[in-house]
Amino acid sequence: MKEATLLVFRGDSNGGQTIAYRVPVAPGMVVLDALHHIQGHLAPDLAVRWNCKAGKCGSCSAEVNGRPRLTCKTRMDDLPQDQPITVLPMKSFPRIKDLVTDVSWNYRVNRKIPPFEPRKGVEWKISQLDVDRVQEFRKCIECFLCQDVCHVLREHDKQEQFAGPRFFVRIAGLEMHPLDGRHRAALLKDQLGLGLCNITKCCTEVCPEEIRITDNAIIPLKERVVDEFYDPLTMLFRKVRGQ
Amino acid sequence: MTTNYETREHDVLVIGAGGAGLRASLEALAQGASVGVICKSLLGKAHTVMAEGGIAAAMAHVDSADNWKTHFRDTMRGGKLLNNWRMAQLHAQESPERVRELEQWGALFDRTEKGDILQRAFGGHTFKRLCHVGDRTGLEMIRTLQDRGVQQGIDVYMECTVTRLLTDGGRVTGAFAYWREAGRFIVFKAKAIVIATGGIGKAWRITSNSWEYTGDGMALAYEAGAELMDMEFVQFHPTGMVWPPGVQGILVTEAVRGEGGILRNKAGERFMEKYDPKRMELSTRDVVARSIYTEVKEGRGTEHGGAYLDISHKAAEYVKKKLPSMYHQFKELADVDITKGPMEVGPTCHYMMGGIRVEAETAQSTISGLFAAGEAAAGLHGSNRLGGNSLSDLLVFGRRAGLAAAEYAKRASASSFDNSQIDQAEKELLAPFSNSGTESPYAVQRDLQEVMQNLVGIYRTKEDLEKALVELGKLKVRTAKASVEGSRLFNPGWHLSYDLKAMLIVSEAVTLSALARTESRGAHSRIDYPNVDPVWEKKHNIIVRESGAMKRRESPLEAMPEDLQQILAEDRS
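Those sequence lines, one after another, are chains A and B. Heads up: the first sequence is residues 1 to 243, going by our numbering. Heads up: the second sequence is residues 1 to 573, going by our numbering.
No lab work stands behind these hints, which were simulated from the structure alone. Mixed in with the good hints there might be a few duds.
Unchecked claim - Each computed DSSO-like pair below joins lysine-lysine, with the alpha-carbon atoms no more than 30 Å apart: (1) B:K128 to A:K2; (2) B:K320 to A:K125; (3) A:K73 to B:K321; (4) B:K331 to A:K125; (5) A:K125 to B:K314; (6) A:K73 to B:K314; (7) A:K125 to B:K340; (8) B:K114 to A:K120; (9) B:K331 to A:K73; (10) A:K73 to B:K462; (11) B:K427 to B:K128.
Please construct the entire structure, taking both the sequences and the accompanying hints into account.
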């Protein structure tokens, strides 16, 4: 049987290093299979998050050969065969152990977002077109790869000022829900740091669900903020009325 | 010994944060209870997220003739009449309201032209009944519930695992758990506990279930003295992936057949004509799984030992829209374009019909203070579950369990328990660190999966089941000796050494019950007893712990009231 070498980060918040493991390669094998082989035969305490192993739960995120990916959807035969495969934890989150990072910050950000609230007296009829538009955002599996790759978080550590692409996607889903009656533009501008995004589209590139995060979520939300707070006519109108 | 542990207190503690656990939490909270919900993984990763096809509710948006009575009848017939009829009735009556409520909380489903919720066909359902959004219905449901839960103020304990229920004079009053991250202990005081931990599929080698589905909730209840019921009924979903090896068992949604997918064998024959000419591919799961298994066994299987499932006769755009995650799953993991050619599929261990015995209205177990809902509970599905009835089960009985647990907590005295239970729980959990020797929990799990796969699978015999009991005995001895490497910090090997104990308890319960039931009914097929036995139609298998050992008893089914009998007797009209 063919074999591959994986260089897997082993360590915790105090530091660590990559360790080389040799694993047999079966047809169609994914990187998560290789990690399971290591757990089952070579290093039973190797910490890895995973659940569905089918690209639906977003648990097994890591950086494979430098690229943020779901390990359950990363085929071994898509990677260069002649060199070791490097598997590192997501860089933007504090390390817990091995490939497991502390993603609890995401859950705290989520709490700031006002939930869906139907408009008063609205009739519960929805067109499929509206469902399709919002579904793009609702299919997010919360793998947090977009958060990992976003330079505002990864290089500039703006966790306190910036919610990150995942939560702009979530808000886009709420704002574009055909029956929602809330406004979240002020929140986006003042608390969630939407303005810090300079649309480099890194998030869109790594999204395993192929959500067009920048084009379909972030830019329309930026437009809403502009319409509400920076439209010259509205600003003039406000000034005149002394608001 | 008593090392350090933190203590938390809640009126209602919910173990499990899938659909049932979250719905229970929301309801308990709405009743004014303080609620804690514990999950083994991160919030939002429970198995509900993987549910694909839809949620069954007789809303009659597509087929106007549908109503709760037909849904009740379909469910009872699908379960071969072993269902708890009261649960089947409540489920059929309350599902539509639970779906509407979900939508009011922000969930979105695919629509009809009139703008109502669209419903699709599924196996065993007389009418088009499954509310869905593409093939990601479970994701839509769990996000809606989790976001609402977080907003409403549920305390969530993520990556936290309960290893023992604490009791006081026969009443459940707390739980002992450990945090995966640092391996530290936490003790919960609770007036009422709801178990919503899902199934047991990880005891089989080929399964659609994730690492979490080890039967730990059922094992916790069993160890605390609660009865388990109908444990022989394990559902093998007809269509799991069979190739490549790493993806074996991953679910292929029944929605493929619901949308018109056709099953064929190697010779191109549409073999369901032989097994169920009336319902064909949309026969019940037990029948379709056995049919595929038989085709393969008799030499008519595909290259990798499955059957062909083909939806490529439908327009490519339609397939991508209605089955988007299937399209991607096959494209990325198996190099198959399902809009152009067939998938290879075969049976995969999927769902547990049996579980904790509960009272229909309140979801209370046979012991005081302990409730159960969703897959962890028994009763609704009888001997075979219809597709789509699981998501609705989670909502209907999750809500009922949360309601009853909150009401129980209002009446209950403060939680108390003898601390020696905590010492004992600590000792048990830490034992693998002091075991010497080389027995690996992973090796034991692999062997357990082989035993259950080969001896307690789709078709069963007395010889196989007896052999399985002997093998399970050996595995118990090995589990007790298993040792772990490394520290308590996020250590999956250590975690598995606990999960193994739970898997062994439920595996033994399944095997004992399967051995006793000398008939074939629903998902339980005995080669040596191929027919339905009217005597067994009248009784449940009950598993209970007595003087430290597993005991099996039989319990008669409750008589069905006249009005429900009439509904059951009526044909489609």
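- Query: Which of the numbered hints above does this structure break?
  - Reply: 1, 4, 7, 10 and 11
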